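Novice: Listed below are the residues making up each chain.
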Amino acid sequence: MKRPIALLAGLALLATACGGTTRSDVAAERGAAPATSSAPAAADPNAPIKPGLKIAFLPKQVNNPYFTIADRDGVAATKEFGGEGKEVGPSEASASSQVSYINTLIQQRQDAIVISANDPNAVVPALKQAMAAGIKVVSYDSDTAPDGRHVFVNQASAEDLGRTQVQLLADQIGHKGKIAVLSATPNATNQNTWIEFMKDELTKPEYKDMELVKVAYGNDDDQKSFTETQGLLRSYPDLAGIISPTTVGIAAAARYLSDSDFKGKVRLTGLGTPNQLRAFVKDGTIEGFELWNPGDLGYLAGYAAAALASGQITGAEGERFKAGKLGEYTVGAGGEVLLGKPTVFDAGNIDDFDF
Amino acid sequence: MRADRWETLVVALLAAATVAASFGVDGFANGSNVAFLLLDVTEIALMALTMTLVVVAAEIDLSVASTLGLCCAVLGRLWTAGLPIETIMPICLVTGALAGALNGLLVTRLGLPSLAVTIGTFALYRGLAYVVLGDQAVADLPPAYTSLATQAIGPIPLMTLLVAVLAVAAGILLHATGLGRAITALGANEEAAYFAGIRVRRIKFWLFVASGAMAGLASLVFTFRYASARADNGVGLELAVVAAVLLGGVSIFGGRGTLAGVVAAVLLLAVVRNALILADVANEVLNVVTGVLLVASVLAPNLKVRLERKPVQ
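Chains A and B, in that order, give the protein sequences.
Residue numbers for the first sequence, in the numbering used here: 1 to 355.
Residue numbers for the second sequence, in the numbering used here: 1001 to 1313.
Hints are computed from structural coordinates only; laboratory data are not their basis.
This one's a predicted model, so the numbers in the text were calculated from it and none came from an experiment.
Hints may contain errors.
[As the list claims (entries may be wrong)] In silico EDC-like pairs for lysine to aspartate or glutamate, Cα to Cα no more than 20 Å straight-line:
1. A:Lys54 - B:Asp1040
2. A:Lys86 - B:Glu1308
3. A:Lys86 - B:Asp1040
4. A:Lys79 - B:Asp1280
5. A:Lys128 - B:Asp1040
6. A:Lys282 - A:Asp346
[Said to hold, decoys possible] Quick partial rundown of chain B residues pointing at chain A, CB under 7 Å, derived from the structure:
7. Ala1016
8. Ala1020
9. Ser1022
10. Phe1023
11. Val1132
12. Asp1135
13. Ala1139
14. Phe1195
15. Tyr1226
16. Ala1296
17. Asn1302
All C-beta atoms, glycine included, are put in the ideal place defined by N, C-alpha and C.
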């Protein structure tokens, strides 16, 4: 047992002594290499959408209600412009199985692939092969590394999500009173960015009577979020509202409020899904909360794929294309297309959504 | 290869599936698809080689995919720490071997059943992978190695050549050496093998070490092929590996099985899967087809044994 290990250790030392490839070597090489992006063919915004485009939607996993809705509306979009859309994908959300599907889509000579990446990096080599074969690649919901796709359809910007949650709560509490935030973990990147935008929004004059008294952390754990909500209301019995920008937090907070005396008095809003919060909207615990509409996300991604495959856009900043019922969109920096402001779900529309 | 063997049937099924897919499925029989199909089973094939030896010895190693994940995490962690990749690669192999050695010690020294031990280390090694790398993804790996892992000569990926060489080596070891006969003998009847002078515990220990080291090797291929080192790399692969070994005609009770059968089974599963996906068959159907093949593979040899025993009773 000792001999082979010693041998391997020896080999390792030898390799080190000879000077191996380290991370900084690779970084230096990458830095030195000139940008290889060959000038793309110029976009023709007036080009008609090609008939019979084959567009495949590759979600993180199939039979996931969120993606089922996104891809259903995506396929509906392809029907509108006379294309052929389909949803394919693995039953478990893993990067390696997505790569198998990318390969088969290359063999099937699809015109475009619309993908939500399980691993932003692992799918890139396969997507590069697809692009080399002339297939246009759109990422939606979860982006790939930028060199793996032409366009990323972003469901919501951090700024919009942060600001609109404050606006939503302000309308519910009449722009007056103490408010608190129930976040995920203290170092959750997304939540912290949104909270920064919330604080910035609160500096505007129309919120002068609102005061953010505390940011609590439920660690995206149901039990912890529940007890943190309890703690918030014990420390601030006169709290007017809570924003919980995490699906775990808002559900736990809603559960606590619905069984407490604060139900209907303390307003709760944030980010959640209709299926998770339907009961709380119906029993009055929550007046309204928000999230992007996954159907619109798929629909827009379908049109973006068609615009790419028809030469209307190439993925460069400033290019414009039309996306059916959603209107006109502009490609932003880094090939990003922004879906728009989040959708607010309330008693009036919640039954139209099933995800 | 005898005509009445399950292995022969698997090879025949593989040939039939390949021919049917070539004519019936658009896009199947072209170089790039074949290259991809072969490349896509590299890790499963590698780990199935050592798994064959382990199962023939009447043991099982369910921790292989977690070991792979642990080695990927170690690779990612050391790479971010600035170590040269040429140093990291042997460390990954050693990490895999050590993980296998722990399995081997628990099974041979404490006499615990390998099914229970490796279900435990299945969770343990995956957990350690997250301890080592967290939920980070390390992707800035050296292009020289990432392209090596995906390169092909015509329709034959380089990694497939690696699998072929190791498969031949494992085949010779199992079928043409004294050690191979000893593995088969101890799998068929451990006690008899022990009294025949075979060093049962020592052989089993080294089989687990080999299985772990092979998972380490597979972790290198996996990481470079996908250019992504993450703690969740290869989740669920152990089932694909065990499935291929059983479909290949290796008895789950030990004592019999051929490498050729396992290699054919790996390819059969890959061809069926690839062809069905290309034909836009729904995922559920895909799983049903794979499942039926597996149940059949476990059922058929048992049925045969029963039929043959009948006259004696």
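Novice: Please go over all the hints and tell whether each is borne out by the structure.
Specialist: Now the hints, each set against the structure:
| no. | hint | in the structure |
| --- | --- | --- |
| 1 | A:Lys54 - B:Asp1040 | violated (25 Å) |
| 2 | A:Lys86 - B:Glu1308 | violated (50 Å) |
| 3 | A:Lys86 - B:Asp1040 | violated (23 Å) |
| 4 | A:Lys79 - B:Asp1280 | holds (19 Å) |
| 5 | A:Lys128 - B:Asp1040 | holds (17 Å) |
| 6 | A:Lys282 - A:Asp346 | holds (9 Å) |
| 7 | Ala1016 | violated (21 Å) |
| 8 | Ala1020 | violated (16 Å) |
| 9 | Ser1022 | violated (13 Å) |
| 10 | Phe1023 | violated (15 Å) |
| 11 | Val1132 | violated (17 Å) |
| 12 | Asp1135 | violated (11 Å) |
| 13 | Ala1139 | holds (4 Å) |
| 14 | Phe1195 | violated (26 Å) |
| 15 | Tyr1226 | holds (4 Å) |
| 16 | Ala1296 | violated (22 Å) |
| 17 | Asn1302 | violated (29 Å) |
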